[in-house]
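Generate the whole structure from the sequences, applying the supplied hints.
Number of protein chains: 2
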Amino acid sequence: MIEIAVLRIGHRPERDQRVTTHVGLAARALGAQGMYLAAEDKGVLESIRDVADRWGGDFFIQDRVSWKRCIRDWKQSGGVVVHLTMYGERVQDREQDIRLHDRILIVVGAEKVPGEIFGLADYNIAISGQPHSEISSLAVFLDHLLQGTELNAEFPQAKIRVIPSPAMKRTEQE
Amino acid sequence: MIEIAVLRIGHRPERDQRVTTHVGLAARALGAQGMYLAAEDKGVLESIRDVADRWGGDFFIQDRVSWKRCIRDWKQSGGVVVHLTMYGERVQDREQDIRLHDRILIVVGAEKVPGEIFGLADYNIAISGQPHSEISSLAVFLDHLLQGTELNAEFPQAKIRVIPSPAMKRTEQE
Chain A
-14 MIEIAVLRIG HRPERDQRVT THVGLAARAL GAQGMYLAAE DKGVLESIRD
36 VADRWGGDFF IQDRVSWKRC IRDWKQSGGV VVHLTMYGER VQDREQDIRL
86 HDRILIVVGA EKVPGEIFGL ADYNIAISGQ PHSEISSLAV FLDHLLQGTE
136 LNAEFPQAKI RVIPSPAMKR TEQE
Chain B
-14 MIEIAVLRIG HRPERDQRVT THVGLAARAL GAQGMYLAAE DKGVLESIRD
36 VADRWGGDFF IQDRVSWKRC IRDWKQSGGV VVHLTMYGER VQDREQDIRL
86 HDRILIVVGA EKVPGEIFGL ADYNIAISGQ PHSEISSLAV FLDHLLQGTE
136 LNAEFPQAKI RVIPSPAMKR TEQE
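Protein chains in written order, with my numbering: chain A, -14 to 159; chain B, -14 to 159.
Any given hint could be a false lead.
Where chains are identical, the list cannot tell them apart; a pair therefore holds if satisfied intra-copy or between any two copies.
[Said to hold, decoys possible] Derived lysine-lysine pairs resembling DSS-like cross-links, with alpha carbons at most 27 Å apart:
1) K154 to K60
2) K97 to K60
3) K97 to K154
4) K97 to K144
5) K97 to K53
6) K53 to K154
7) K144 to K27
8) K154 to K144
9) K53 to K27
Don't read these hints as lab results, they were simulated from the structure.
If you're wondering where the values come from, they're calculated on a predicted model, not measured in any experiment.
As C-alpha cells, this is what we get:
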C-alpha cells in the first residue's frame, strides 16, 4: 500500500487553527495516514484526534515538527516529497510519475512559504495555476494520486458511521 | 458548456470569512462560474473580486441572497441542485447521472445546515462519509463532475499568470 503523510508548514497558531484543522481532516478522509505540523497548536491536535477517535482509522498527528528535518528524514528513508504550490508543474502532467512512488510526503503551506522548499521538494505541483486554498489543493491531489479509490476506504474501529442516504441523515453508532 | 454555480449557506460573518473565501476561490479555480452567498460579508466579496480581477475570467459573486429563493429560482429555470453533505449518497455512485445535467447549483453548508435543504436538493452527495471540510468536498466534487478538464481552463483578461515550473515561482504580468 502507498504510504502518504502531509506536512503542514507556515501555520500560525490562532489565526490558522480552523484552516489547518480542515487540512488535517481532509488528509484523513481522503487517504493520508497522518499529518506532521511544523508548529505547536493543541487546538488543532485535539480537534483532529477527536474526529479520528470517533470516526475510526488510525490517522496520526504530530506537532512541533522541524519541517526541514521532517523532509530530510522522509527523503533519507526512501520517500519522495511533493510540495503543492500554484507555481508548480501541472498535476495532470506529473501525477502518473508520482504514482510510481510508494512513500509520499505532501507539503502544504499557508500564505507564505520559505523559498527553500521549492528546492528541497522532489516535485512542486500545482492544482491549477490559480490562487485558491491549500485545502482544495490537497483534496484534489489526493484524489488524483489515489484515483478515487480513497472514497471507498473503510475506517476500522469507528464509534459512528454514516449510512449513505439520498435524503436524510442516517448514522449507526456502536 | 455546463453551467455551474455555488450557493454558500450558513456563513457567519467574521468567524467564517476565511473559510468562505476559500470556498469561493476553489469554486472559481475549479470550474464554477460564480457563487451566491446567503449572508452579507463585504470582506469575502472584496477578497474574491480582487483575485478575479487580477487573475482573469468572469467569476461572479453575489451576497445577501435568500437561499430558499436561490434554490427555487434555479430549479424553476431548469437547473438541478446538488447539496454536498457527508450524509449523502456516494459521489462515485451518482456522478455519472449528475453529469447529464447542464445547469448545476452546488449547495455548500457550514457546520450546521437547515434540515430542509435535504428535501429541497435534487441530490445529496457525500465526498466520503467522513467529516472533513466544505472546501475539500467542493474541490473533489467539481473535479469529478468536470473530469479534470477544469485543470486545463484558461482565464481570459488576466493581469497576472503563472508559468508552470518544476522549481521556482515564475509569472508573467501584463
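Inset, instruction - With 27 Å as the alpha-carbon cut-off, assign the pair K97 and K60 to within, between, both or neither. - result: within (23 Å within a copy, 42 Å between copies)
Inset, instruction - Since the copies are identical, ignore which copy is meant and state whether K154 and K60 lie within 27 Å (CA to CA) inside a copy, between copies, both or neither. - result: between (43 Å within a copy, 23 Å between copies)
Inset, instruction - If the cutoff is 27 Å on CA atoms, where do K97 and K53 land: within, between, both or neither? Let me know, please. - result: within (16 Å within a copy, 39 Å between copies)
Inset, instruction - Go through the copies and call it for K53 and K154: within, between, both or neither, with a Cα cutoff of 27 Å. - result: For K53 and K154, only the inter-copy Cα distance (20 Å) is at most 27 Å; the intra-copy one is 43 Å.
Legend entry - Alpha-carbon proximity context of K97 and K154, limit 27 Å: Only across copies: K97 and K154 sit 12 Å apart there, 39 Å inside one copy, limit 27 Å.
Inset, instruction - Pop the pair K144 and K27 into one bin, within, between, both or neither, using alpha-carbon distances up to 27 Å. - result: Only inside one copy: K144 and K27 sit 23 Å apart there, 41 Å across copies, limit 27 Å.
Inset, instruction - If the cutoff is 27 Å on CA atoms, where do K53 and K27 land: within, between, both or neither? Let me know, please. - result: Within. Shortest intra-copy distance 21 Å satisfies the 27 Å Cα cut-off; inter-copy 39 Å does not.
Inset, instruction - Check K154 against K144 for me: Cα-Cα at most 27 Å, and say if that holds within a copy, between copies, both or neither. - result: Result: close within a single copy only, 16 Å intra versus 45 Å inter.
Legend entry - Alpha-carbon proximity context of K97 and K144, limit 27 Å: Close across copies (21 Å), not inside one copy (38 Å); limit 27 Å.
Consistency with the previously given hints is maintained throughout, with no hint failing.
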